[in-house]
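Taken in sequence, the protein lines are chains U and A.
Residues 890 to 1312 in my numbering are what the first sequence spells out, letter by letter.
Residues 699 to 1120 in my numbering are what the second sequence spells out, letter by letter.
Everything labelled a hint here was simulated from the structure, so no lab data went into it.
No residue lacks a Cβ here, since even glycine has one placed at the ideal position from N, Cα and C.
There could be a bad hint or two in this list.
Which stretches of chain A does chain U cover? Using the computed rule of at least three CB atoms under 8 angstroms from a CB of chain U, they are [said to hold, decoys possible]:
id, segment
1, 787–794
2, 1062–1068
3, 1089–1095
Some chain U residues close to chain A (C-beta under 10 angstroms, calculated; not the full set) [stated by the list, open to error]:
id, residue
4, Leu-1033
5, Thr-1057
6, His-1059
7, His-1089
8, Glu-1091
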Amino acid sequence: MATLAPSTPHVLHLSLVVGGALLDDAGERVGRVDDLIVRLEGEEYPPVSGVVATVAGRQVFVPWASIAEIAEGRVMLREERIDLQHFRRRAGEVLLRKDVLDRQLINIDGARLVRANEIELVRLDGWYRVVGVDVSFRGLVRRLLPHAFAERIAAGEFLDWASIEPFTGHVPTVRLRVPHPKLARLHPAQLADLVEAASHREGEEIIEAVRTDPELEADLFEELEDKHQLEFVEDRSDAEIAQLLGRMEVDDAADLVLQLPEERREDVVALLSPVQARRVRTLLGYDPATAGGLMSPEFVCLHAEATREEALERVQQSKVHADGVSWVFALTARGRLQGGVPLADLLRAEPGTHLVEVVRSVQRVSPDADLEEVARLMTDFDLTVVPVVDAGETLLGIVTVDDVLELVLPESWRRRFNILGGG
Amino acid sequence: MTRFIGRLGLRNQASIRMLAVFGVLGPGLVAANAGNDAGGVATYASVGAKYGYDLLWMMVLITVSLVVVQEMAARMGAVTGKGLAELIREHYGPRWSILSTVSVLLANLGICISEFVGISAAIGLAHVPAQVSVPVAAVVIWLLVVRGTYKIAQRVFIAMTIPFFAYPLAAILAHPDWSAVGKAVVVPHIQFNSPYLLLFVATAGTTITPFMQLYLQSAVVERGLGPEDIPAERAEVVSASIFANLIACFIIIATGATLYVHGERTVSSAADAARALAPLAGRFAEALFAVGLLGASLLAAAILPVTAAYVIAETFGFEKGISRRPREAPVFVAVITVLIGISAAVAMIPGVPVIKLLVLVQVVNGALLPVTLFFVWRLARNRELMGSYRNGPVFDLLAGATVAATSALSLVLLVVTLTGNA
């Protein structure tokens, strides 16, 4: 939790401002304050740009220029008369009470969803700005009490708005893609957790925001649970799905293809680049519960006579992800798997060393090996990577520990209280 | 290509989803079946024993109301992806939301107590004292819910309610006067005396209970059903509601054709209600009834605390689905534990005034139902929230009438019980 510096001015609670009186410059009541308007884009602490009020039974818009003061229980106008425009939402405008208060927000610092019990405002450089969100019990209690008591509950600690990202998908005028720049601070796995925890629309909003960075989007999809993957791609065109797949690890891409309805699979795969399409098809040919289905066809292998430098260069140039290059594999003259060298060993070896001098024999499995066999092998031999070979000892792919761990983790460890869903 | 497609066809998510919707265990069926719980069976048996088929016409109306209400809850879950408590908080603010949360908590606690009473009554037919059966049941339910083999448990509990199918058979074997039954279904039959009206209202109240809407909507959300699943989910909800209420009708017919005909007009124990199964099961009637009552009570006793925990999590914004271990979701587990603990403890007290408790439960439920139904109705017709999935004009009229009628009945019950006319 972040608090502003001690010297900060008085903290205004949104819930005490709305419902208060709209007063003219002489302090005469002219109406009731319904809501405060902000625009969320751009500024770190969004300023209030206007007030929605009910005057003589009509909902009107009061522009910031006409407002002298915002305080608990009242909003004071500069002039006696104001031009009463009928209130209509304009593009990009967000109503603090209607659209943000009591709703779910993303707390970027904790990478979790929180509910806004109170929205805190402070007058900073001439503007009333949204500075934070209270998610504490104290904030909720204040909301429950009558105003006279509520005002006596002091402001507690609250989350700094700088680490808050609200959902705006439900705001009719902000329907289009909203950039949520703060989301970029999160790890793809955290983003995936948020997507899974949020409602479908909110999850959609996170993914839409992340789509501006296609690489990040692909990483997010790699982390999403299978059942959620389809949820967020089924409305996309084949070409869009193919674009996404093209950026994902091949084994994760193949898993996603499997989630698609049968009639779409081939159409989507056909739109991949020839190399990717071939790899995905190869993986799809295997039963997903076996080593063949788990493996990634992306790895680094060289002839056993190659030197340390050649091997390191290949690692540098390859786009294989970090787990996949933790071992470099050596092939015999006939292209069979001879063994492997941990990347760390290779780095420590003398310059000019040939792979054959440092190569170790490695445990291997056939594509038909089941999950249990692969997991046991990894446990018994402390492996993070297991090569998969065919009957002729040709290296087909590698299974990395992350793919296995995901599957052997008991269901109940991964997700608790998912019980309302039933069978 | 055909190779991988053919082989992996079963992993097709869409077909799995359809299976889940049409399968044995749709959320609608769980909700509706949990409605035929201890309190429900007791009420239906009383209705049949006391008034024969006189109240059957009402079951038609109640079924229509249940379908209307449950359909709205399921549709809202699918469209918004949010639970009912969450929507109430977002649209009506914390005061209403806490009011309904607290009453849900109280009502669920009350019903949960009655489930444990049902459990002890069911096992009691085998002469096992409540002081043994109730703690064991409580521990089993807690472990299933918190330690997470709940999915299997749910199947087992549902399967255990299968003996209730015995009621249609028992009803047929009791050779009721079918023309009288048919007439009772079609022709409304009202007596203006307070016991009759009270039983009328109690039947409506036990068939349409707030936790059923809360559970259903949260379960639809939890399953990740979206707008495209609405037709399938609607079919599931409608058929499950009709199915569960048909069973209820047959309980009334079976008791009406046996107990009522033989002049045994009051059902005061589980053994009484079991006797209605005698035409079918003879001396096994008690055992059959016990298994069914046990299954229904266990199912509801497991669902109620979980629903309460979800409602609290949704209202206050505590961690829920995202939680992985009990210590990461302490409030969630605490609510479940406290509810099960208190319910079991109360049900175990020797000579506990069960009837008074059940009356109290009905009062709380009666007060809560109009609130819940009103919110369900208002939210389901909200254009901004539901868009093109909001209530259509005709349906909305029906829904409004249902809410008004059910609320009026609940308030009648509330007044009657509070003024002591019961």
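Results of checking the hints against the structure:
1. 787–794: Coverage by chain U holds for the segment 787–794 of chain A (5 residues, Cβ < 8 angstroms).
2. 1062–1068: violated (count 0)
3. 1089–1095: violated (count 0)
4. Leu-1033: Hint on Leu-1033(U): holds, closest Cβ of chain A at ~6 angstroms, below 10 angstroms.
5. Thr-1057: violated, 14 angstroms
6. His-1059: OK, holds: His-1059(U) within 10 angstroms of chain A, min 8 angstroms.
7. His-1089: This hint holds: His-1089(U) lies near chain A, its Cβ roughly 4 angstroms from the closest one there, short of 10 angstroms.
8. Glu-1091: Nearest chain A Cβ about 7 angstroms off; hint holds.
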